[in-house]
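Novice: Chains as they are written, first to last, in my numbering: chain S, 1 to 492; chain X, 1 to 351.
Note that these hints are calculated values from the structure, not bench results.
Check before you lean on any hint, since a few could be wrong.
Computed Cβ-Cβ distance ranges for the label pairs, DEER-style [as the list claims (entries may be wrong)]:
#, chain 1, residue 1, chain 2, residue 2, range
1, X, 68, S, 278, 26 to 34 Å
2, S, 157, X, 196, 50 to 58 Å
3, S, 278, X, 196, 34 to 42 Å
Anything over 10 Å on all C-beta distances counts as not near chain X; from chain S, calculated [stated by the list, open to error]:
#, residue
4, 73
5, 104
6, 107
7, 123
8, 127
9, 280
10, 441
Just so you know, even glycine gets a beta-carbon here, dropped at the ideal spot from N, CA and C.
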Amino acid sequence: MKQPFSYLTMSSAVFALACSAGTLGPAPEALIVIDTNLPSPRVISSVRFDVYKSDGTWFESRSEDNLTAKNFPLSFSVAGSTSVSTTVMVRIRAFANGALRNYTGNHFQPWPDTVASPQAGDGLPRLIVGGADVTPLTEPLPELTVDRVVNVTIAPNQHGRAVVRLDGACVGHMAELAPAWTSCHAADAMRVREEPATLDADMNRRPTSMVGSIGQSTCPPAPKGHVAPCVTGGAFILGPSTAGEPAMPKGRAVVVPTFRMMSTEVTVAQMRTAITADGFHPGDGSMGVGTVPLPPDDPNEACTMTYAPGPRESFALSCIKYDPARRYCNHYGGDLPTEVEWEFAATSADRDSKTQYPWGDTPPKCTDAIFGRASLSGVPGACAQEMGYGPIAIVDDNGLALAAVDTTPQGILHLAGGLTEWTRDAVAPWDDRCWLDAPTISPSCAPADATKKMRLRGGSWASPNGTLVSTTRLEGPQTAANGGVGFRCVFR
Amino acid sequence: MGAKKFYGAGILAIRGTRGTRWVTLRSSLTFLATILTLAATSSARGAPSVDPKVQARADFVRGADLVKDASWAEALSAFEASYARMPHAVTRFNMGICERALGKLTRAIHSFRLAIEDPALPAGLRADAQRFLVELDAAVVRVDMKFNETPTVILLDGSPLARDRDGWFVAGLLPPGPPPLDAPLAPASFSVIMDPGPHVLVAQRSGFRDLTHRASMARGSHIELSLSLLKADGLLRISSDTPNAVVTIDGVRLGEAPVELRKLAGNYRVAVTKLGFVTYRGDVRLAPGATVEVRARLQKETVPITRKWWFWTVASVAVAGVVATTFVLARPAPEAAQPTGGTLGWIVRAP
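All chains should be modelled from the sequences, with the hints used to inform the complete structure.
Specialist: Below is the structure:
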């Protein structure tokens, strides 16, 4: 009985030896996991990967387009070696689909010059594979891109995972390649020299994605006496202005923290209550007072306020100057919206992609929004003959909103039509230093003095429909009291 | 201040809160009350106690009074009673208002649709109903359900699903209980509209265990739900006429016979073995809820040389030795496992 068992034992040992010699552990590998707090696809829908040796030699490139939130976190592997330490530098650029320019090479420019003057380079470095020049023809626009470099160093037989978070505060901050190898990491937007990324040996843990979380915070308290829905913060691509500003052909990515915005423009009744019951003093000559009935179609005369309560209490208040409008908001603990807040609410909040109008991308019909109700140069407005002339109330006799299609997902009415609205910001093109030097989070171009013209946003009852596109930027002197201009407040 | 209150009501209107409902409802109640009053006075003279119009009017007025106290459930019952006696578009509209207030959104959609289809609905209420439909459509939950097996009965919160004209299955329209005979059968994959909030789903199919799934749905969400119906058990008893025989099912040794165990319905390969006996082998089909008994009769084997244990052991060792030696001498250099490539399936290799 013993001999056959000894044969069996011996042959099993031979098998075990042979098999164990052919089975190695996991491959040397760094799994690079990429996540972002920017919204996708609204701001991030493409990622470009470029891989370099540590001396700056570019040897691989790859693009992923049409990404959405469900694609994050992304991950890929860098293969290591069983005998020597391996180092590659991976440049990761996240941006919106189509936000590209012709390839000019990596010519690092510190913020904010990135936005001011993205210079053309000399076309270097080049990507050479197998002796052929396969350099991509395009590169992401720096001003719309989170640009990050990761140092991936893998020791022999090391096996681990590194999580790279692309922070929205870094949009527009270019990375600097060899020999500096620096890039922006987080909210302070300071560039950091890329040291070898720490590899976590636990390869299986999948981080919860943070996509879209930037700017989101607790909603401020509801203001007294005003309905002001919460606009959950986020990031979006500001502009470009419909007027076109060549220095920012595709806009600029910015972050808006959560705020509240009044659901309508301030009404005649609200202003009357503020003055008679809440102790607000608008000052002499702060607003125009109209006659009853209103002049039918002259924006310069159509002031909705009356000396005594009358039939226009539920009209939006027009003919108010900039300073009393802002002081009204301050009186209730709020402020005029910045251009960025106004545009975010009108085009992007709670939407996967930016829309032309508060309700979407469909141009308005005359019943959808309050516009086209004046004669311009003697020609009746687009809706004047169908809907009538002059401003109208916000609500009908039953308290139901008029032109209710002009509503954002949060229930904010009449951003497209009704009255053109004062913003807090001064008139300046997007490529003015005032805007370029503004931070990515809550950018603003506040007035320097009372003589400056101020930005107005949105169309009015007198506007042609082209003005209703929410990226349209208008302007007016601070002392103007126009029948097509009103305001609403935000609360931060 | 009066103007301000009026303004406030307007804002509530677009936000769909209780104040708005009352503003809307008040006008509709007045309208219908007028109609019903005229109808009652003209027809009630002959039979004042049994005229359904009179009773319908009374129910309607009671519903209106209950609405003033925001007693939506009681008001809905009153309007339903009125509608049962004398269907009218405005009553149906008011039912929708109550259902909307109670969070019965799918029922509210149904009511508003019925009201709109009725030409008797006044234009103002028709516009309101259409606006409510837009609001409700954004608020209901859509669930894309996928089952591994087609269920024959689906109950959501105890009620079967109805099917609307657009082909969607809708929860909350039919009363609790088993599905009516003409209820639509859901396929293995289908979409259902339901109210936001917690729900209990029960799916049944003959031969399978009842499936119960609990979930809480967020307002306006659209989610996918994959559910699996598991086959029901059967009882398998295996015994042997020979003591100490070992029972194996699908290659798994279960111990000495007799063996009794519950198994999911399906096909099984049973073997009963004992040294010196010819192994019993058989295929068993176990139906859901059935009991199958297998009694194995083992016969003593006559053992040729090839059945002697040492014959095959020696032969196996010899063959294994040759194979192993050949493999060790001729094997390729060992390779490491491949990197994973992550979600992109992309592996960067340094040149």
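Novice: Evaluate each hint against the coordinates.
Specialist: Here's how the hints hold up against the structure:
Residue 68/X and residue 278/S have their C-beta atoms about 32 Å apart, which keeps the hinted 26 to 34 Å range intact. The hint said 50 to 58 Å for the Cβ distance between residue 157/S and residue 196/X, and at roughly 52 Å that hint holds. About 38 Å separates the C-beta atoms of residue 278/S and residue 196/X, a value consistent with the hinted range of 34 to 42 Å. Against the 10 Å criterion, residue 73/S falls within the reach of chain X, whose nearest CB is about 8 Å from its own CB.
For residue 104/S, the requirement that its beta carbon stay farther than 10 Å from each beta carbon of chain X is met, with the minimum near 25 Å. With a least CB separation of 25 Å from chain X, residue 107/S remains clear of the 10 Å interface cut-off, as annotated. Remark: the non-interface label on residue 123/S is consistent with the geometry, its nearest Cβ contact in chain X lying 22 Å away (cut-off 10 Å). Taking the minimum C-beta to C-beta distance to chain X, about 12 Å, the non-interface status of residue 127/S holds against the 10 Å cut.
With a cut of 10 Å on Cβ distances, residue 280/S stays outside the contact zone with chain X, its closest approach being about 14 Å. Under the 10 Å C-beta cut-off, the non-interface status given to residue 441/S relative to chain X holds; the minimum distance is some 29 Å.
The structure does not agree with numbered hint 4 stated previously, though it agrees with all others.
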